[in-house]
Amino acid sequence: GQDMAQSISQTNGKLDVEMLDLDVVIEGIVSTLEGKNLFTFAESDKIMSEYFKKTLPEKALEGSLEFLKRVEKSDKNIRKTETGLLYEIVKEGNNRRPDIGSVVYLMYEGRRRDGSVFESTYNDYQGEESFPMEFVMKGWQEGLSMIGEGGVIKLWLHPDLAYGETGNERIGPNQALYYYIELIAVI
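Each residue of the sequence shown is one higher than the one before, counting from 2 in our numbering.
Quick caveat, the hints were computed from the structure, so don't treat them as lab data. Worth double-checking, as some hints may not be accurate.
[Unchecked claim] Label-pair restraints from in silico Cβ distances: (1) ALA186 <-> ASN38: 22 to 30 Å; (2) SER50 <-> ILE90: 56 to 64 Å; (3) THR167 <-> ILE79: 24 to 32 Å; (4) ILE30 <-> ASP100: 52 to 60 Å; (5) THR82 <-> ILE27: 41 to 49 Å; (6) ASN124 <-> ASP100: 26 to 34 Å.
[To be verified] Straight line, CA to CA, 16 Å or less: simulated EDC-like cross-link-like pairs of lysine to aspartate or glutamate: (7) LYS139 <-> GLU83; (8) LYS155 <-> GLU93; (9) LYS155 <-> GLU110; (10) LYS155 <-> GLU143; (11) LYS155 <-> GLU51; (12) LYS47 <-> GLU83; (13) LYS155 <-> ASP125; (14) LYS92 <-> ASP22; (15) LYS60 <-> ASP115; (16) LYS77 <-> GLU89; (17) LYS55 <-> GLU143; (18) LYS81 <-> ASP161; (19) LYS70 <-> GLU83; (20) LYS155 <-> ASP76; (21) LYS70 <-> GLU120; (22) LYS60 <-> GLU166; (23) LYS70 <-> GLU89; (24) LYS139 <-> ASP100; (25) LYS155 <-> GLU135; (26) LYS92 <-> GLU150; (27) LYS54 <-> GLU166; (28) LYS81 <-> GLU143; (29) LYS60 <-> ASP22; (30) LYS74 <-> GLU93; (31) LYS139 <-> ASP115; (32) LYS155 <-> GLU35.
In this text the structure is predicted, and so the values were computed from the model without any measurement. Each residue gets a CB set at the ideal place from its N, CA and C atoms; glycine is no exception.
Assemble the whole structure, with the sequences as input and the hints as a guide.
Written out as structure tokens, the structure is:
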């Protein structure tokens, strides 16, 4: 049981554990161990495909929208752009602001909506990271353009401004994300 739970938890955000019906999971385990599969392998593949392609993205989007609504109402300093980006400028920085052709040097931390950290230059890397602005996600492009070198911003990204409907290897589909970003330098 513990090994199975660890396997599920290692899906790195691809499987929303809150959406699992544990009674059905346990029933599937018990029946399979007893040699009485609930579904054929083809039926099981179809069910899992439906879950990952339709159910999971839909439920994740609902959860993300609820999360962003709570964030927006939680603090009068949080502002919203036309694209749905929620942000709070902690420190303006100087007048040197990045544009799409810039390379930015950052310190940052990214969190899922449950508060878990999925990446952090403060913990994972040897200091600041550099990124060409043209290759960062839309939410970063928009948010970083609001501050100058030396600035600090908090961003709450709608899934469309982050990794979208498909997610990536660490982030599931339709996930709203939070970032704390220090803009160290603009080249």
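ask   = Does the structure keep LYS155 and GLU135 at a Cα separation of 16 Å or less?
value = Roughly 20 Å separates the two Cα atoms, so the pair is violated.
ask   = Do the beta carbons of ASN124 and ASP100 sit within 26 to 34 Å of each other?
value = With Cβ atoms ~29 Å apart, the hint holds.
message = For LYS70 and GLU89, compute the direct alpha-carbon distance and say whether it is at most 16 Å.
response = 15 Å, holds
ask   = Given the proposed pairing of LYS155 with ASP125, does the C-alpha separation stay at or below 16 Å?
value = Between LYS155 and ASP125 the Cα gap is close to 19 Å, so the pair fails against 16 Å, i.e. violated.
inquiry  = Hint check: LYS55 vs GLU143, CA-CA at most 16 Å. Holds or violated?
reply    = Violated, at about 29 Å.
message = Tell me if the straight-line CA distance from LYS60 to ASP22 falls inside 16 Å.
response = Between LYS60 and ASP22 the Cα gap is close to 14 Å, so the pair holds against 16 Å.
message = Given the hinted pair LYS60 and GLU166, is their Cα-Cα distance within 16 Å?
response = 11 Å, holds
query = Would the pair LYS92 and ASP22 pass a check requiring their Cα atoms to be no farther apart than 16 Å?
reply = At roughly 44 Å apart (the allowed maximum being 16 Å), ASP22 and LYS92 break the hint.
task = Could you grab the alpha-carbon distance between LYS54 and GLU166 and see if it respects the 16 Å cut-off?
result = Holds, because 9 Å separates the two Cα atoms, which is no more than 16 Å.
query = Has the given pair, LYS139 with ASP115, been kept, meaning a C-alpha gap of at most 16 Å?
reply = Not satisfied, since the Cα-Cα distance of roughly 22 Å exceeds 16 Å.
inquiry  = Holds or violated: LYS70 and GLU83, Cα atoms, limit 16 Å.
reply    = Given pair LYS70, GLU83 holds - Cα atoms ~15 Å apart, limit 16 Å.
task = Compare the distance between the alpha carbons of LYS155 and GLU51 with 16 Å, and conclude whether the hinted pair is satisfied.
result = 35 Å, violated
When held up to the earlier numbered hints, the structure conflicts with 1, 2, 11, 12, 13, 14, 17, 21, 25, 30, 31 and 32 and fits the remainder.
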